[in-house]
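Listed here are the chains, written in short residue letters.
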Amino acid sequence: MSIFINKKTKLVVQGITGRDGSFHAKQMKSYGTNVVAGVTPGKGGSKVSGIPVYNTIEEAVAKTKANTSVIYVPPPFAVDAIYEAVDAGIKLVICITEGVPANEMMKVYQYVKEQGARLIGPNCPGLISPGESKVGIMPGTIVKKGNIGVVSRSGTLTYEAIWALTSAGMGQSSCVGIGGDQVIGTNFIDCLEAFEADRSTKAIVMLGEIGGSDEEDAAKYIKKYVTKPVVSFIAGQTAPPGKRMGHAGAIISGGSGLAVDKIKALNKAGVPVAYSPTEIPQLIKEQIKLKAEKAKAKANKSVSKKTAKKVVKKVAKKKTAKKK
Amino acid sequence: MKIHEYQAKQIFAEAGIVVPAGDIATTPIEAYDLAVKYNKPVMVKSQVHVGGRGKAGGIKYAENAESAKVLATQILGMDIKGLTVKKVLVTIAEDIISESYVGIILDRSTKRPVIMVSPAGGVDIEEVAAKTPEKIFKLFVDPVEGLKSFQARNLAYKLYRDINQVRKAADIIMKLYKTFWESDASLVEINPLITNTGGEVIALDAKMNIDDNCLYRQPAISAMRDLDAEDPAEVAAREADLSFVKLDGAIGCIVNGAGLAMATMDLVKRYGGDPANFLDIGGSSNPQKVVDAISIILSDSNVKAILINIFGGITRCDDVANGIVEAIKQLQPEVPIVVRLTGTNEKEAAKILKKVNLPSEDTLDKVVKKAIELSGIEV
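Just so you know, the sequences run in chain order A and B.
In terms of the working numbering, the first sequence opens at residue 3 and continues consecutively.
In terms of the working numbering, the second sequence opens at residue 735 and continues consecutively.
For reference, chain A alone in the conformation it holds in the complex (with noise of 0.2 Å):
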């Protein structure tokens, strides 16, 4: 079990014959995703690494039967490709361009939710679930099947993280980079409320950093929603305000998206926040241990409980068959 993608995934490739595009097909394939598929208007008829290629999604999607595509195309033309694939009938795209116009992006991500359609990102590494696809560019070799589950709005923040719990046996049942952009198509949220879904999963490592509010409204989300142990790091609590820290969402303006409100909302929602990535495979181990000693504390109340009505129900009886 996983999130988002797994075995039944039959990706497409958008931009497949372009640098990126090549290089990363090969390795999704090599990884062993079922790629079925790239599109490249005007390069219909050939093959990338045995992968055939087609001018227009909806050839692919007629003859492949693809149900994911993954987007390289360069960014002028980046939301372009959301719109085909979409309209296209594919239910979750992945945009791993950096540099999408912010405001092209509002309009798209209107259209994918009318859709019925998910997107993830654009500006993001993708995803992974662990022994079964790998969709992105997200290095398969960090990774390990197990059962934590990873969000992130960063790429190699990522990796750092995923390779500190993949180095202390802790493996991971999906990782996903959702993007360090202002508008992305999905938030913390969405990816928490699948985790807590997903049987496989049972602890979940949310990675943030400043700017936006995204962190903040996921703290009161896993307050009300999340049974499951949430460890969370944030990064840039030393970027000053004004300043955009290389991702176009990470900015401080007007005194919100502050690293230290994140921190504080987080922790009031009962998720402890690492203060290194290395940090975070030993604070779930003391997250899972908290809940399963609260779990039996709870478990214990109930049973004394009901022992006590048995008790009660007992004497009832000896007092009643004494009557009689």
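Using 25 Å as the maximum straight-line C-alpha spacing, the simulated DSS-like pairs for lysine-lysine come out as follows:
(1) B:K872 <-> A:K109
(2) A:K146 <-> B:K1081
(3) A:K245 <-> B:K820
(4) B:K820 <-> B:K794
(5) B:K736 <-> A:K109
(6) A:K109 <-> B:K912
(7) B:K941 <-> A:K245
(8) A:K287 <-> A:K230
(9) A:K266 <-> B:K1003
(10) A:K10 <-> A:K28
Have a look at the derived ranges for each label pair, beta carbon to beta carbon:
(11) B:E934 <-> A:E60: 52 to 60 Å
(12) A:S258 <-> B:A1084: 39 to 47 Å
(13) B:K1089 <-> A:K93: 48 to 56 Å
(14) B:Q1064 <-> A:N8: 47 to 55 Å
(15) B:E916 <-> A:K287: 48 to 56 Å
(16) B:S843 <-> A:P78: 22 to 30 Å
Calculated from the structure, these hints are not laboratory results.
Glycine is no exception: its CB is placed at the ideal position from the N, C-alpha and C atoms.
Here the structure of chain A is known, so what remains is to put chain B in place on it, guided by the hints.
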């Protein structure tokens, strides 16, 4: 990208939004000449990329040309929040009857542009939002449908009662929304939007930020970039295609990936140091980028040690190692460098680095501690 007030006013004026006449001066004499030309009292306004210019003494009223010259002498060269004033806008002073606020930004949680208006203009809008949020009115616009006339009019009614002024303000809001889209802005703001004694509605100030991702299709706005108003190291970094932000600490940081770069800086702080910069060399692993990155960091005399933290995925550690060797050959740095190269091709990288005998560590925490130790700063 930020542009100056005078540049934003040019764009507003082209869109048909009324702004006071004005022009730019880089010397007191030029300021004097402009005031003479207008033959009216003027405002002398510093042009720097920072808020709170008025409070810092960077905006002054001049009764006549002589006074404009004196004030321009004071303001030019002035330091406002670390930025030196190199230009002033000399603009006709208006009689202000009322001041309000109009702004449009991209709202991240709703993924829509939000128009904000407030009758409490002329002051810091974040302060208004914090103290009297009931004085701010918001409209989240459907990005596909766009702004309708009645919506703009309803917003204008929050600012004015007089129907003529409502119409003028509604017209300005419509034009501002159009400008927001056509200029690929992430923020447009008029604070204050004023009415004068003649009943006119005028944009007395103008602020615009442009989405960096759209600069490729905004050549006119890209050309407005004022290199003088930016840190030279940041300019050099952009030319080298590096994502860089200068800070005040002693530990130079070179990292791949923005999130990991921030996490590395945070750990420097946690272990008792202060980061000198944010620097993301990006996903590609061109050795020249590493050379440029080290060179930019070395130009900061505060730097006492450089730490290089790479988690190789697409970025290949051997490419980065080659860049480091090349940089040491070319630049012969005196400050210590400590590296951690892990992931793709790390073994090859270790071999390459043997040539230059650099201290290296295998984890994020260790490399940060080592850099602080080598910097010699007291913890």
